Amino acid sequence: MKIIQAPMAGAQDAELAIAVCRAGGIGSLPAAMLSFEQLQNELQKLQTQLDSRALYNLNFFAHQTPTISDLQYQRWLDLLAPYLEEYGLRIEDIPQGKGREPFNEASLSLVEKFRPPIVSFHFGLPDDKLLGAVKATGAQIWSSATTVAEALYLESKGVDAIIAQGFEAGGHRGMFLNKDLSQQVGTLALLPNIRKAVNCTVIAAGGISDARTMAYAKAMGADAVQVGTAFLLANEAKITPEHKAALQSPAAQHTVITNLLSGGYARGIPNRFMQDVGAIHVDALPFPMASLAIGLLNTAATKQGKTDFRSLWAGQNAILTQPGSASEIILRLQNG
Numbered sequence: 001m002k003i004i005q006a007p008m009a010g011a012q013d014a015e016l017a018i019a020v021c022r023a024g025g026i027g028s029l030p031a032a033m034l035s036f037e038q039l040q041n042e043l044q045k046l047q048t049q050l051d052s053r054a055l056y057n058l059n060f061f062a063h064q065t066p067t068i069s070d071l072q073y074q075r076w077l078d079l080l081a082p083y084l085e086e087y088g089l090r091i092e093d094i095p096q097g098k099g100r101e102p103f104n105e106a107s108l109s110l111v112e113k114f115r116p117p118i119v120s121f122h123f124g125l126p127d128d129k130l131l132g133a134v135k136a137t138g139a140q141i142w143s144s145a146t147t148v149a150e151a152l153y154l155e156s157k158g159v160d161a162i163i164a165q166g167f168e169a170g171g172h173r174g175m176f177l178n179k180d181l182s183q184q185v186g187t188l189a190l191l192p193n194i195r196k197a198v199n200c201t202v203i204a205a206g207g208i209s210d211a212r213t214m215a216y217a218k219a220m221g222a223d224a225v226q227v228g229t230a231f232l233l234a235n236e237a238k239i240t241p242e243h244k245a246a247l248q249s250p251a252a253q254h255t256v257i258t259n260l261l262s263g264g265y266a267r268g269i270p271n272r273f274m275q276d277v278g279a280i281h282v283d284a285l286p287f288p289m290a291s292l293a294i295g296l297l298n299t300a301a302t303k304q305g306k307t308d309f310r311s312l313w314a315g316q317n318a319i320l321t322q323p324g325s326a327s328e329i330i331l332r333l334q335n336g
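Residue numbers (full-length UniProt numbering): 1 to 336.
If you are wondering where the hints come from, they were derived from the structure by calculation, not from laboratory data.
A hint or two may mislead.
Pair by pair, the computed Cβ-Cβ distance ranges are [claimed, not checked]:
| no. | residue 1 | residue 2 | range |
| --- | --- | --- | --- |
| 1 | GLN183 | LYS157 | 39 to 47 Å |
| 2 | ARG75 | GLN183 | 21 to 29 Å |
| 3 | ALA215 | GLU105 | 40 to 48 Å |
| 4 | SER156 | GLU112 | 19 to 27 Å |
| 5 | ALA81 | LYS2 | 47 to 55 Å |
| 6 | ARG53 | VAL277 | 23 to 31 Å |
| 7 | VAL277 | LYS218 | 35 to 43 Å |
| 8 | TYR73 | THR302 | 20 to 28 Å |
| 9 | LEU55 | LYS157 | 15 to 23 Å |
| 10 | LEU152 | ARG90 | 33 to 41 Å |
| 11 | ALA133 | LYS179 | 27 to 35 Å |
Quick list of in silico lysine-lysine cross-link-like pairs, DSS-like style, CA-CA up to 30 Å [to be verified]:
| no. | residue 1 | residue 2 |
| --- | --- | --- |
| 12 | LYS135 | LYS157 |
| 13 | LYS98 | LYS157 |
| 14 | LYS218 | LYS244 |
Bear in mind the structure is a predicted one, so any value in this text is a computation, not a measurement.
For glycine and all other residues, C-beta sits at the position ideal for the given N, C-alpha and C.
Using the sequences and the hints given, assemble the complete structure.
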């Protein structure tokens, strides 16, 4: 069964994707936290270091940029006030802007220039015009679904593959039709229901960290698997030493869904901020706006050797993972 390395923004660059491709998997490059110039450089590395026939996946966020009211912003500032004071920061220090940009015309220009074999999206799909232009390059189109309704929507838009993202998955949930967490289910329930509902390729994601969980996914109808947390421990990944240590500690046995760090629901190991105010808070700004202030606080905390605001993303089966090279991790996934 084909192994796809999940795109993990902030935790990798082209090096991991290249290593996975060379080991027989499908490597992924996440664009979400890269500038235009950085993404162009990483794509250049992929094209110069991989065989022209190698399959790799270029991933983008397709979220809708939110509009926030003055009241929403003030409530967020009120929640953050004690921490800003603790770290000697001012409200004026918080960066302004939209946060991470969704897929746009600039992104499309790079897709048209480099023509990656696979282009995937998280948080739905871009508008029909942009999507049509991506299809015109000949790329396969993949996108994440966290419910059957999302899978049916994606199939209606002509995607080539649907990534069935179970509730166990680390990092950001790909939710896009609604934000109701009560509708989110684990891979064991989501995968067979999506498999029954659609006719396109279905990729299982969430909780797949070893050969046994891969076998379960195959038995439930998955055409391939997407693995994230296991590759965080790859030598080629770029996570911090603190994140790597947390993934290999008892702390990784308890992950939670939070909206505090970016405004979007995501699974990770609790940090101090999440423990103080609760993992999910009504006053968190919507995705990706919360990340502007949290990034500032995280930088200040990191300078003091603290992880108070660090994103320690991890799936629920992190306990099954082991460090090593990307090729060693793929061999363990395949053979146990």
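Hint check:
A C-beta distance of roughly 20 Å is found between GLN183 and LYS157, which places it outside the suggested range of 39 to 47 Å. With their beta carbons about 26 Å apart, ARG75 and GLN183 fall inside the hinted range of 21 to 29 Å. Distance hint for ALA215 and GLU105: a CB-CB separation of about 43 Å, consistent with the stated range 40 to 48 Å. The hint said 19 to 27 Å for the Cβ distance between SER156 and GLU112, and at roughly 25 Å that hint holds.
Against the hinted window of 47 to 55 Å, the Cβ-Cβ separation of ALA81 and LYS2 comes to about 49 Å, which satisfies the hint. Between ARG53 and VAL277 the beta carbons are some 50 Å apart, a value that contradicts the proposed interval 23 to 31 Å. Taken as a hint, the range 35 to 43 Å holds for the pair VAL277 and LYS218, whose Cβ atoms sit roughly 41 Å apart. Checked against the given bound of 20 to 28 Å, the beta carbons of TYR73 and THR302, roughly 25 Å apart, stay inside it.
A beta carbon spacing of about 22 Å between LEU55 and LYS157 agrees with the range 15 to 23 Å that was offered as a hint. Under the hint 33 to 41 Å, the C-beta atoms of LEU152 and ARG90, about 48 Å apart, miss the expected range. Our hint of 27 to 35 Å for ALA133 and LYS179 holds, since their Cβ atoms are close to 29 Å apart. Of the supplied pair hints, the one linking LYS135 and LYS157 holds, its CA atoms being roughly 11 Å apart against a limit of 30 Å.
For the hint pairing LYS98 with LYS157, the CA-to-CA distance comes to about 27 Å; that is within 30 Å, so the pair holds. Between LYS218 and LYS244, the direct Cα distance comes to roughly 29 Å. Compliance with the 30 Å bound is thereby established for this hinted pair.
Violation of the numbered hints given earlier is confined to hints 1, 6 and 10; the remaining hints are satisfied by the structure.
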